[in-house]
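Enquirer: Sequence:
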Amino acid sequence: MKCRGVFSKDADKEIELDLPDNATISDVRDAIAKMNGCNRKRVDLSLNNVVLEDSQPARCLIESGDVPFRYDYSIPRRIFMFDYNNRHVRLDLDVDSSFKEIASMLEKKIASLRSIDFSLYYNGQPLDLTTKTLDDYNIPPSGLILVVESMMELTVGLPTGNDKVYTILKSKRVVDLKERISASLFIAAQNLVVTNNGTTLADDVPLESLSSSEASSLLCAIQVPVTIIPDTKCAVFWDISSNLNATAQFLVDSLVAALHNLQALKTTLLFNGVAMRDEDLLSSYGVDNATFIYMVTEEEAQCIEPQSLKDSFDRLLAQPPSSRTRRELESNAKWVCDCLAKGTLQPTAFAGQLEGVFAYIGASREAGLITVLQRLVLLLCESAAQPLTLSLQVVPVCMRALTLLVGKGAWSGVAGCVSILHRAILPNVEAAMRCAWTADLFYQLYTVLYIVGCSSEEVFTTLRQILDILVAMQARDQTLEFKKALSPEKLFLNRYPDLKADYLPIARSILSHVSDFLSIRYIFNHYFDEPSVVRLLLEHNIILSFANNRRIPTPSLFTGSLRQQYGKELAEPITRCLNAFSNNEGITRYFITLLGILANEQRTSFATASPIAAQITAVLQHADLLAVFVAAARQWSDGYTRLLFLFLCTLFATDPSSHSLLVQNSAVFLPSLADATLFSPKNSSYWSDPASHAVLTVFDTIWSVSTAPKCSRDLALSTLSTLSRQATAEFLRTATHLIDGAIDALLAQLRQQTLAGNRQDFCRVVAEYYKSLLAGVMEHDECISFEGEIPPCNYLFLTFFVRNSDIPEFAEVAPNFGEWLAFFLQVVESIYKDDDDAVDLEQRRPYLFKTEVVPSLVKCLVMCMRTKDDANITKISAMLVEIIDLYKDEMEEIGNWLMAELLPVLDAAEVQPYMNVVMDFISRGLVNEALFWDFLEADGLDKLMAYIESLKEKGQRYEVTVIRFMDAFSYINSIASLLKAINLGYSTIADSIYFENQISNIAKQIVDLEEVVIEKDDDDAMLAAECLTAVRASSSILSAEEKAILKKAASRITYHSCSCVVV
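Residue 660 in the working numbering sits at position 651 of the sequence shown, and the numbers go up by one each step.
Heads up, a few of these hints could be off.
[Said to hold, decoys possible] Computed list of lysine to aspartate or glutamate pairs in DMTMM-like fashion (alpha-carbon distance at most 25 Å, straight line):
| id | residue 1 | residue 2 |
| --- | --- | --- |
| 1 | K117 | D92 |
| 2 | K1056 | D1027 |
| 3 | K1056 | E1005 |
| 4 | K868 | D894 |
| 5 | K50 | E23 |
| 6 | K877 | D843 |
| 7 | K1013 | E1050 |
| 8 | K173 | D213 |
| 9 | K1013 | D1028 |
| 10 | K109 | D145 |
| 11 | K43 | E25 |
| 12 | K179 | D137 |
| 13 | K884 | D843 |
| 14 | K109 | E158 |
| 15 | K1057 | D976 |
| 16 | K509 | E467 |
| 17 | K961 | D976 |
| 18 | K884 | D929 |
| 19 | K842 | D770 |
| 20 | K963 | D1000 |
| 21 | K1013 | E958 |
| 22 | K1056 | E1035 |
| 23 | K952 | D929 |
| 24 | K417 | D486 |
| 25 | K842 | E861 |
No wet-lab data here; the hints were simulated from the structure.
These numbers were taken from a predicted model, which means no experiment stands behind them.
Let the hints inform the model, and build the full structure from the sequences given.
Expert: Structure (structure tokens):
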């Protein structure tokens, strides 16, 4: 089929499309998008000023005759900023550009991108431009899109016997791969050899040159440098790929196999002067590029003279520094350490050499020499016989050495240096605080703290010693501040949680000076149960201070990706904090409010069908948050539960497991249904506490830029409507009666014109709730049960729209009456009868008479009369008769319901064809004197007589109707009703044999009345007396006794109705 269209902005631009017969508007949109080179979502279609939807058939375009459809399209463009290796590039792009188009433009700007594969990232997430566009990612003008080189995967067989997959940039080289392997094995990269099919790969070989088969067949071995005393060196390659237990003995065996002259000798390995046991794992000794493993034979070890070592050490220490001297001094110092450890040398022999040792430490640029000399100093200080004390003069020397060791990554040397500082400073802190280098040392150690904490070595003791020094110095000089912001690579508490108490003073200081979110989140995550930290967060509103970052515009606070990021980071520690301080109202209120703010979506109208139609943030996916909210709301039960809505309305949509908990605790937030507007912190006494008041600044900021209606009541009802559809069975068992009670109270205000808020909006969301609940029950009717599992009051929702049909707003949005009525009648019938089993009528009684079912049936009967639904009129009438017959003791209540609905419609033209049904139920409903007088006051008797006359005129039987009403009047058994019964029969069926029988019974009732009160000159009384007299005189079937009763009744009526008595 062919259809014509014109461009909205240029009527001369006309197109003609040739489409298949089964095409839809979606196909038309695709065709126009392709024709104009734009995204399909930029195409708008309309016909006769009506917007066309994708699901509509395209045939509607030709059924409109000669009128062409109108189309419009746009190709929005904007500037995007890209970053590649700190080089920024600005590109003017179509927001719907494909990755191929963007890559082409980037390669023109950056030549180095032409030879590599790359991907685009924003906010740490890859941009998937196959299913989305740049516009979908909401990248702000200041946003930076990262250009990241593509990665490759290499499978390497490690010396530990297992394979490991490494993901690395394609542009990297073998030396970079070695660095990655060394980080996972804790072995220096210089000691690793990578081979491919037996061929050793040089360090400068690019990884990209390896084929896919080669990339999966790499092997890594360890090359250990070994020195054989005294001067011989030999580099031995050994591979432990097949042996998971690489021990010292294994290395000895490898060396013996390589060096034949050692085969007959017993060997010993020394590491840092300590003998390595045969069964020790080599990896436990931390082999690195600065480490030499010394191997000695048994004979050589026995020939070493400790005193000669001391003399050699003194001689080397006194010589001018040279490369040879330093090398020999390092070797000699290692043997000295070994002898000191074994006790063959006395520490006192070196007491006078400390100055020379520290001179070498300060002047040397070799990490190995500094490390071994520091170990010597510590051995002397730790001597049990005569420990040495260190003066503050060594501190500047150690500061210079520490800088060198940290730069070279010599962590064992760093540990020794810190230990020396610890021994020198802590006993003399007061004196140290008066030195010129105090501030320099403080900030140097503060920087080293995070560098050491991220090393691959075990540095627990070193970190604790640094913390001891820093805390002691800062306690004596408050001008020394821990200002440094934290970053992911510096967060060592994750690895060393036992340092939490030692780090606490620093954590508190950081919170006082640093406002970046990462530092706050990291500290909060570790100190969520620390009262001093939490109180600091509340007093200064620190956890929200990152909002003042100038990179974050205030109007976009807590929206989009920022809110997702911060919410995800905060959810875990806030939840743990709320659990830890569950009995503290101020802390609970502060953090629940904060989570409510994070969960709120500013730019989404709460009046939509979905409670919050925005993206669900990561903060809402935390499993324990809902339980925390509910527990807090139950415990404190104050006004901040309004904010609970902002959270709950999105949480339940993302986590089906939360449905049950939310439904069971519906009562927690029902009190807020009485409020039309969102809880306002400014006007509430709940925020008088200074800690809680701190959050108001951000709260006001959000609300000042928010365009969303602030209506918690509508939001709550929208939540309930969606929830009732998704968790019908649970909702029906636990929540419906609570919600009905809350809404009924509001409906009373609505009828009295005292309801706060917009009437139309309130009625709309209430109707949506009940429609959703009804739809859920109709869809899952198996959850309906009348065996006692669900209380009767939980079924009030079934009749909501019928019971409240007097409110016009509900009539406009009520569900389809016919569909609902069919379901309702089926439910009602299943209450009092069952085709298969006998029904316990007493057990089912409350489900009929405590749930508004019977009055709703009567209302439905009248509504069907108005719509001339004969089938349902017959069905409802039969059901009402059955219920009346089964529950005769409920007739007082049933009568009230019948009179309330039927008397007002006696004059209605739509009801006249069904007057037989109406009069039948009115006669059944006249069960007490009050209803009798209601019937008379509504001119019911006159309308009854008019109905009887109409039956006479049509030649239809009217006697049955008269007798029913005579029975009804006589059942009431008051003098007024008995007189009306006599007169009704006398004026309509006086000639009937039934009449005489009725009159006889009524006369006996009059005689038996204990008290008769008749107004003076009552017309009913005079007519009744006349009737009784006439029947007594004319009857041929009444016995003498019955006639006597008639006379006595007539006399009693006459006596009580006349002003004088004629004897």
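Enquirer: Give a verdict on every hint.
Expert: How the hints compare with the structure:
1. K117 x D92: With Cα atoms ~14 Å apart, K117 and D92 stay inside 25 Å; holds.
2. K1056 x D1027: Holds: K1056 and D1027 sit about 19 Å apart, inside 25 Å.
3. K1056 x E1005: holds (14 Å)
4. K868 x D894: Since the Cα atoms of K868 and D894 sit roughly 19 Å apart, the hinted pair holds (cutoff 25 Å).
5. K50 x E23: Distance of about 21 Å is within 25 Å: holds.
6. K877 x D843: violated (29 Å)
7. K1013 x E1050: Cα-Cα ~11 Å, so holds.
8. K173 x D213: Roughly 22 Å separates the two Cα atoms, so the pair holds.
9. K1013 x D1028: holds (21 Å)
10. K109 x D145: holds (17 Å)
11. K43 x E25: holds (14 Å)
12. K179 x D137: Given that 25 Å is the threshold and the Cα spacing comes to 21 Å, the pair holds.
13. K884 x D843: holds (17 Å)
14. K109 x E158: Since the Cα atoms of K109 and E158 sit roughly 15 Å apart, the hinted pair holds (cutoff 25 Å).
15. K1057 x D976: Since the Cα atoms of K1057 and D976 sit roughly 21 Å apart, the hinted pair holds (cutoff 25 Å).
16. K509 x E467: holds (17 Å)
17. K961 x D976: This hinted pair holds, its Cα atoms lying about 21 Å apart.
18. K884 x D929: Roughly 15 Å separates the two Cα atoms, so the pair holds.
19. K842 x D770: violated (41 Å)
20. K963 x D1000: holds (20 Å)
21. K1013 x E958: Roughly 29 Å separates the two Cα atoms, so the pair is violated.
22. K1056 x E1035: holds (10 Å)
23. K952 x D929: Holds, at roughly 13 Å.
24. K417 x D486: At roughly 32 Å apart (the allowed maximum being 25 Å), D486 and K417 break the hint.
25. K842 x E861: Holds: K842 and E861 sit about 18 Å apart, inside 25 Å.
Hint violations for this structure: numbers 6, 19, 21, 24, all remaining hints satisfied.
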